[in-house]
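> Same order as they appear, the protein sequences are chains A and B. Numbering of the first sequence is given in the UniProt record's numbering, commencing with residue 1 and proceeding in unit increments. Numbering of the second sequence is given in the UniProt record's numbering, commencing with residue 1 and proceeding in unit increments.
Don't read these hints as lab results, they were simulated from the structure. Each residue gets a CB set at the ideal place from its N, CA and C atoms; glycine is no exception. The hints are all genuine.
Subject to a maximum C-alpha distance of 25 Å in a straight line, what follows is the list of computed BS3-like cross-link-like pairs (lysine-lysine):
1. LYS244(A) - LYS257(A)
2. LYS40(B) - LYS91(B)
3. LYS302(A) - LYS91(B)
4. LYS172(B) - LYS127(B)
5. LYS302(A) - LYS127(B)
6. LYS402(A) - LYS51(A)
7. LYS202(B) - LYS172(B)
8. LYS91(B) - LYS127(B)
9. LYS302(A) - LYS172(B)
One-sided and incomplete, this derived list gives chain A residues near chain B with beta-carbon spacing under 7 Å:
10. ALA309
11. THR320
12. ARG428
13. ARG431
The calculated label-pair distances, taken between Cβ atoms and stated as ranges, are:
14. GLU228(B) - PRO379(A): 55 to 63 Å
15. SER156(B) - ARG222(A): 29 to 37 Å
16. PRO379(A) - SER156(B): 34 to 42 Å
17. ARG222(A) - ASP77(B): 18 to 26 Å
18. VAL119(A) - THR139(B): 38 to 46 Å
19. LYS29(A) - PRO142(B): 43 to 51 Å
20. LYS172(B) - LYS29(A): 53 to 61 Å
21. ALA13(A) - ARG143(B): 39 to 47 Å
22. TRP138(A) - ALA128(B): 42 to 50 Å
23. ARG107(A) - SER156(B): 34 to 42 Å
24. VAL423(A) - ASP77(B): 55 to 63 Å
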Amino acid sequence: MSDATKTTNLTVAQQLREVHWYQKPRWRKLGALLALGLLMSMVTGVQGTHKDIFYAIRENFSDGSVAVWLGIALVVWAVREFASAPFTSSARKVKGTLVTPLGAVGRLWSTERWVRWTVIAGFAAILVWGPMGLSRFWQTVLVDQIAIYLLVAVGLNVVIGWAGMLDLGFIAFFAIGAYSAAFWTGALPVQPPVVLNNFLVIPLAVITCLIAGVLLGAPTLRLRGDYLAIVTLGFHEIVYLAAKNLGDVTGGTSGVKVERWHIDLGFWSYEWNVVDQMPFYWLLLAFIGIVVFLFIRLEHSKVGRAWTAIREDEIAAASTGVDTVRYKLMAFAIGASTSGVAGVAYASKVGYINSENFVILLSILVLSYVIFGGMGSIPGVLFGAAFLVWLPEFLRDFVDPKDRHMYLGALLVVMMIYRPQGVIPSRRRQRELQMAEAGTGGADATGPAPGRQS
Amino acid sequence: MSGAADLTKQTEDQTGEPTRTPMLELRDLRVFYGAIEALKGINVKVYEGEVVALLGANGAGKSTTLRTASGMLSPRDGQVLFHGERVDGIKSHDLVRFGIGHVPEGRRVFPRMTVRENLEMGAYRFKAPDPDDMDRVFTLFPRLGERRTQLGGTLSGGEQQMLAIGRALMGKPELLLLDEPSMGLAPLIVRQIFDILEEINKQGTTVLLVEQNASQALQLADRGYVLETGSVAMEDEASALLADPRVRAAYLGEGAA
Numbered sequence: 001m002s003d004a005t006k007t008t009n010l011t012v013a014q015q016l017r018e019v020h021w022y023q024k025p026r027w028r029k030l031g032a033l034l035a036l037g038l039l040m041s042m043v044t045g046v047q048g049t050h051k052d053i054f055y056a057i058r059e060n061f062s063d064g065s066v067a068v069w070l071g072i073a074l075v076v077w078a079v080r081e082f083a084s085a086p087f088t089s090s091a092r093k094v095k096g097t098l099v100t101p102l103g104a105v106g107r108l109w110s111t112e113r114w115v116r117w118t119v120i121a122g123f124a125a126i127l128v129w130g131p132m133g134l135s136r137f138w139q140t141v142l143v144d145q146i147a148i149y150l151l152v153a154v155g156l157n158v159v160i161g162w163a164g165m166l167d168l169g170f171i172a173f174f175a176i177g178a179y180s181a182a183f184w185t186g187a188l189p190v191q192p193p194v195v196l197n198n199f200l201v202i203p204l205a206v207i208t209c210l211i212a213g214v215l216l217g218a219p220t221l222r223l224r225g226d227y228l229a230i231v232t233l234g235f236h237e238i239v240y241l242a243a244k245n246l247g248d249v250t251g252g253t254s255g256v257k258v259e260r261w262h263i264d265l266g267f268w269s270y271e272w273n274v275v276d277q278m279p280f281y282w283l284l285l286a287f288i289g290i291v292v293f294l295f296i297r298l299e300h301s302k303v304g305r306a307w308t309a310i311r312e313d314e315i316a317a318a319s320t321g322v323d324t325v326r327y328k329l330m331a332f333a334i335g336a337s338t339s340g341v342a343g344v345a346y347a348s349k350v351g352y353i354n355s356e357n358f359v360i361l362l363s364i365l366v367l368s369y370v371i372f373g374g375m376g377s378i379p380g381v382l383f384g385a386a387f388l389v390w391l392p393e394f395l396r397d398f399v400d401p402k403d404r405h406m407y408l409g410a411l412l413v414v415m416m417i418y419r420p421q422g423v424i425p426s427r428r429r430q431r432e433l434q435m436a437e438a439g440t441g442g443a444d445a446t447g448p449a450p451g452r453q454s
Numbered sequence: 001m002s003g004a005a006d007l008t009k010q011t012e013d014q015t016g017e018p019t020r021t022p023m024l025e026l027r028d029l030r031v032f033y034g035a036i037e038a039l040k041g042i043n044v045k046v047y048e049g050e051v052v053a054l055l056g057a058n059g060a061g062k063s064t065t066l067r068t069a070s071g072m073l074s075p076r077d078g079q080v081l082f083h084g085e086r087v088d089g090i091k092s093h094d095l096v097r098f099g100i101g102h103v104p105e106g107r108r109v110f111p112r113m114t115v116r117e118n119l120e121m122g123a124y125r126f127k128a129p130d131p132d133d134m135d136r137v138f139t140l141f142p143r144l145g146e147r148r149t150q151l152g153g154t155l156s157g158g159e160q161q162m163l164a165i166g167r168a169l170m171g172k173p174e175l176l177l178l179d180e181p182s183m184g185l186a187p188l189i190v191r192q193i194f195d196i197l198e199e200i201n202k203q204g205t206t207v208l209l210v211e212q213n214a215s216q217a218l219q220l221a222d223r224g225y226v227l228e229t230g231s232v233a234m235e236d237e238a239s240a241l242l243a244d245p246r247v248r249a250a251y252l253g254e255g256a257a
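Taking the hints into account, I'd like the entire structure generated from these sequences.
Below, the structure is given as C-alpha cells:
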C-alpha cells in the first residue's frame, strides 16, 4: 500500500515536471507570432462597420490577407529560430559601426566644452525654429495639445514620480487654472472685481491652484496609494460637474469665449492671433523651459531628496528629520500650480473653454503620459507626453479616427509588459523595478507598501 | 526600589550642589491606542552618558514608550522632558533637531538608496553631511564601508540594522533611541551590534534602548527598567537586574522563579 502511494506521488511530481511541447519557448513564440499575425490581419483589413458583426472577420478571412499575415509570421518565426545567426552578427556589425561614432561624440561631450554647447545650441535652435517648417495642422497640434500637456505632465510628475502620490484627478487643477483665466479676464457670466490681462492671471491661477491643492491635500495626505487615488478621482468629478452644472457661473457645456494672450503697455501693444501659431508656440516654449529648469533644480535640492525619502519609507524619512506632511503638501501644491499655469495657457490660446475640455479621460491620459515616459524622469515625461499626444493625431490618417485610443491602449499594454520603467526611466525607478523582479521590493506607483504601523 | 543608590543620592542631593537634571525624563506618561491604555503612568530617567535598557514581554509597552519619547506618539497625560524642557507633542522630525536620534523598529532603511545615500539622508537636518561623521560610521561599521554603493534593500538584516544605526548617527544625536536592534538577527551579529553600541556610548552618545534580548541588553546597559502591562515593574542597576531571580526567570528563561 505504501508502495502505491509512493508511485502516485512520484507520478504527480513527474506530471508536474513534464514540459509539454507547447510549453517550449520555440512553440510558444510561434503561437504568439501567429496570434499577432491574425490580429494584424484584422486590424489592417476591412473594419466591422457593417450591421453583421461577423462581416469583417468573414471578409478578412476570404480575401487572403489572413494568409499573407500568417505567412509573414511564420517566416519571421522560422528566421529567428533557425537562421538567426547571420542576422544577429550583421546586426551587431551595424550596431558596432553606429556605436563607435556615437561613443566618440559621447566622449567629446564629456570632455570638450564646445561640443556640448554646439549640441545644446543646435538642439535649442531646432526647438525654436524647427516647427516653422511644419504644416498648419501640426503646428496647431503642437501648440494646442503637445505643449499644453507637456506642462501638465511635468506637473503631475512632481506628485506621482517624485513624491509618490497617485493622483487620478490632475486635470481638475488644469480646469481651475483655465477657469481662473476666464474669470479674471472677464469672460465668465460672473464678473471679477478687476479685469486683468492674461499674463497677470498666471500668479492668481497659481495661488488658486496652490490653495485648491492644499485644501484637497491636507485632509487626505494621511491616505496612501489606492485611497488617495479615489479621493483625487472624486475631486476631479466635483470640479468637472461644478463646471458643467453651474452654467450661470462657468458657462457650462456651452462654454465661454476667453481673450487670447495680449500685451498692452499703452505705447506698445501686441496680440497673439490665430493666424500664426508660432508666437503661441514660442510663448509656451518659454513657459515649459522655465518650469523644466525650475524642476530640475528642485529635483536635486533638499526638497527633492525629501520626496525621495518619503517615497521610500515615510517613517524612516520622519526619523531622519523630514517633515513628511509638509513636503507631501508641497508636492501637491507645486504639481497643482503647474497644472494651473497650463490651464491658463490653454484658455488663453484656444480662446474658448467649456466643461467638456476637462473630462476624466484627460486625467487618465496625462497619467499614462507620465508612466509611459518614465515616472520621475523629466526627459522621460517630456518625451512620453509629446509622443502619446502626437500618436493619436498621427494615426488619424491611417485608422478609423474612432479607434485611435484603442491603439494607444494597446501600446500602453505592450509597454507595461516589456518596459514598465518607461521609455527614459529615472535611475531610481530602474532600481526599483530590478529589485521588484528580484523579489526584494515593490514597484507600485506609490513606492513600497506601507509598513506595519501598530 | 532598592537599587540605583548613587542615582538617588544625586537626584535627592539637597545640600548646596544643584540636582542633576536627566537628559531625558518621561514623567507619568500615559498613552492610549483608542480606548486601550498602553502606558499607565511610566517614569523613566536617562542621564547623560548612560545606557538605559527597557525590557519586557511583548505588549508590555516598551516600543510605545520609545515611540512617545521619539515624538511619533503623543501622550494623553504626562510629560517628556529633554534637558528639563518639555518636548512632548513635538513631532519626530523636529525632535531630530534637538539631538534625539531614533532608530525605528524593524530597521527601515531606505531600500532603493545606496548605503551612502542612506547615510546622507541621516544628515538631512544639516546643510551637508559631515564627512567626519561618514568616516566615523564606516570605522564603526567596516562592513558598511565595503558596501557603500550597494542598495539598502539588498543588505542582510544585520547590515540593515548597522545602516539604520549609522544613519541615526549622521544626525549627530546626543541621545540615541533604539527600538529592538537585535530583532531577527543571529546571536553573533547581535553581539557585534551591541559591542558597537558600547563603543558609540563611550564616544559620548547617551543610549536608550528597547530590547527583548534581556541578557545582551543588561550586559551593555548601566540601568534597566522592566515593563509589565504598561507600568514599570522593576527599575535597577543593570547588574542587579541581571542577578535578580525574577528577571532571570521571566526574561532569561531560567528554571523556577
